[in-house]
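S.K.: Read off the chains here:
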Amino acid sequence: MVTFRVFRFSPEKDKKPRYVDYNIEDTCGLTVLDALKLIKTDMDPSLSFRHSCRSAICGSCAVSVNGKNMLACNTQVDALGKSRIVIEPLPGYPVINDLVVDFAPFFGQYRSIRPYLVSESQPPEKERIQSVEARKRYDAPAQCIMCAACTTSCPIVWTDDKYLGPAALTKVWRFVADSRDEITDERLAMVNNEYGVWRCHTMFRCAEACPKEIDTTEAIENLRREVLKRAFSRRR
Amino acid sequence: MLKQSGFGYYVRKIARTWKETGTLAHIVHRVTGILLVVYLMVHIYVVTQASLNGEGYESILKTFRDPLFAAGELIMIMGGLVHGLNGIRLTLFDMGIGLKHQKAMFWAFMVIAVAIWFVGLAIVWPVIGGG
Amino acid sequence: MGAPTESKRSMWLWILQRVSGAALIVLLLIHMVVLHYMDPHDAIVISEVKIRLQGLTFMIINNLLLGFVIFHAFNGVRNVVYDYTSDPRKRAAVSAVLVIIAIFLFAFAVWAFLPFMLG
Ligand code: HEM
Ligand code: SF4
Ligand code: FES
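Here the protein sequences come in this chain order: F, H and S. In terms of our numbering, the first sequence opens at residue 1 and continues consecutively. In terms of our numbering, the second sequence opens at residue 1001 and continues consecutively. In terms of our numbering, the third sequence opens at residue 2001 and continues consecutively.
Simulated from the structure, these hints should not be mistaken for lab results. Treat each hint with caution, since some may be false.
Label pairs and their calculated CB-CB ranges [unchecked claim]: (1) S:A2022 <-> H:K1062: 18 to 24 angstroms; (2) H:A1070 <-> S:A2022: 26 to 32 angstroms; (3) S:I2101 <-> H:I1112: 49 to 55 angstroms; (4) F:M1 <-> H:T1021: 31 to 37 angstroms.
Calculated cross-link-like contacts (lysine-lysine; reagent style DSSO-like; alpha-carbon spacing at most 27 angstroms) [stated by the list, open to error]: (5) F:K68 <-> F:K229; (6) F:K229 <-> S:K2090; (7) F:K82 <-> F:K126; (8) F:K40 <-> S:K2008; (9) H:K1003 <-> F:K13; (10) F:K136 <-> F:K126; (11) F:K136 <-> H:K1013; (12) H:K1003 <-> H:K1100; (13) F:K37 <-> H:K1100; (14) F:K15 <-> H:K1100; (15) H:K1013 <-> F:K162; (16) F:K68 <-> F:K82.
The structure presented is a predicted model; accordingly, all values stated were derived computationally and were not measured. All residues carry an ideal CB built from backbone N, CA and C; glycine is no exception.
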């Protein structure tokens, strides 16, 4: 039997969050998301949480499990090896209801960094071809599903609400590393300030949280060196 | 909406995951850094007394020969070593070295810090041990 | 998005935090060896410290150490404060106070050591 201690907060009823225990007898083969759905259908229909694809694609089900951020849908309950599992909303962002947090700050930062390929050149007839070789540079960061597990795991994000955070910074790196993108200077300027790459303290929490195994910490370090490279080559 | 941010939240939350090596390294680096700043202020005050106020300096030095203060100095040396060596670790990451081995590097550097500390202790032992 | 001067400053402070840290390793090592280990059998007395501090090389090394350590320490505190508030006005106020204290501390220490440095 596994006890799920779930964070509950209803803005209409609660002043403070409460933790409610739900027991599930047989967890064999269940993911954390399956467990949450079981709790909702069989024990307490008022429980709120986000999910959609159930297959680590949509990025909507990230929660904090025993203090670490992960996707509920690709985490096996038994693999956690614990008889008591604490499930809480992602840290850092305001809680709307139970496990549902407000993603407005996340998408705000995401939008601010122009998260799309920018090219002034005439588009070719079919597509802007990228070679396998050149694509390797950003293969990993291109896998991001925008679940916010990384950004909300970062303690700097909890106290500095203007810090871009690992997801947005990794996205900037993804386009800086893309040979087809033409606004590299503008992108590097976006992150070269007190709310960008220099705020990171290399704690590795973001990289460890990423369900897609994207090395976000490395991406931030790459960006820093790209900023430095440009700054010093301009000087000559 | 329930706020999940601010300094109090940060302290409570980070205290629950301090065992993560990268987080531990950061906390240790920050705490030792701040302690070293406090030590630096005291140190500058004490040492300038040597020039500004000779007698006062001698009397301060006497207090510092007290075993309690000697122990304090030794703890600060350890703090400096831990901070300095982790500082090298962080700077290596910034140069793109060792990111994939950050945990092993933290513990290796801490072992080096302790080793240097013992070597230093062996050198000064005749002085502080002999009064 | 920061203005060009602000981004230049944040970049340089970041670089210098690492450069000063690296310099401190060397300078602190010299500092410890010269002032504590060179002749550990004698208890420290002023006249000896005085002699050790004289000479151009030590004068340069000591003032470099002082400058680097004060920069590194106060920029470090600034970084800590910046992590805990995003308000640009609070940040600027804290920076200003730290710069004043750092400059004062550096000037005070150099002034206090002048008699030693000049012999
Ligand atoms: C011995 C050589 C030293 C090295 C290699 C070193 C290295 C570093 C580095 C790389 C950082 C930046 C960390 C980050 O951004 O996360 C840092 C931060 C800091 N250092 Fe040092 N340091 C040294 C000595 C000192 C000394 C002697 C002091 C105090 C007088 C000091 C005080 C600080 C403070 C207060 C911080 C800010 C802490 C933080 O951001 O968490 N350091 N150090
Ligand atoms: S980088 Fe990883 S953890 Fe961060 S948002 Fe993308 S998929 Fe999620
Ligand atoms: S439900 Fe889509 S990522 Fe988990």
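S.K.: For each hint, tell me whether it holds in the structure or not.
M.R.: A quick look at each hint next to the structure:
1. S:A2022 <-> H:K1062: 18 to 24 angstroms: About 36 angstroms separates the Cβ atoms of A2022 (chain S) and K1062 (chain H), which means 18 to 24 angstroms is violated.
2. H:A1070 <-> S:A2022: 26 to 32 angstroms: Since the Cβ atoms of A1070 (chain H) and A2022 (chain S) sit about 29 angstroms apart, the hinted range of 26 to 32 angstroms holds.
3. S:I2101 <-> H:I1112: 49 to 55 angstroms: Given about 33 angstroms between the Cβ atoms, the range is violated.
4. F:M1 <-> H:T1021: 31 to 37 angstroms: Since M1 (chain F) and T1021 (chain H) have Cβ atoms about 32 angstroms apart, the given range 31 to 37 angstroms holds.
5. F:K68 <-> F:K229: Violated, at about 35 angstroms.
6. F:K229 <-> S:K2090: 31 angstroms, violated
7. F:K82 <-> F:K126: With a Cα-Cα distance of about 52 angstroms, the restraint between K82 (chain F) and K126 (chain F) is violated, given a limit of 27 angstroms.
8. F:K40 <-> S:K2008: This hinted pair is violated, its Cα atoms lying about 52 angstroms apart.
9. H:K1003 <-> F:K13: Holds, at roughly 16 angstroms.
10. F:K136 <-> F:K126: Between K136 (chain F) and K126 (chain F) the Cα gap is close to 22 angstroms, so the pair holds against 27 angstroms.
11. F:K136 <-> H:K1013: Roughly 36 angstroms separates the two Cα atoms, so the pair is violated.
12. H:K1003 <-> H:K1100: Not satisfied, since the Cα-Cα distance of roughly 34 angstroms exceeds 27 angstroms.
13. F:K37 <-> H:K1100: Violated. K37 (chain F) to K1100 (chain H) sits at ~36 angstroms, over the 27 angstroms cutoff.
14. F:K15 <-> H:K1100: Violated. K15 (chain F) to K1100 (chain H) sits at ~43 angstroms, over the 27 angstroms cutoff.
15. H:K1013 <-> F:K162: 19 angstroms, holds
16. F:K68 <-> F:K82: 14 angstroms, holds
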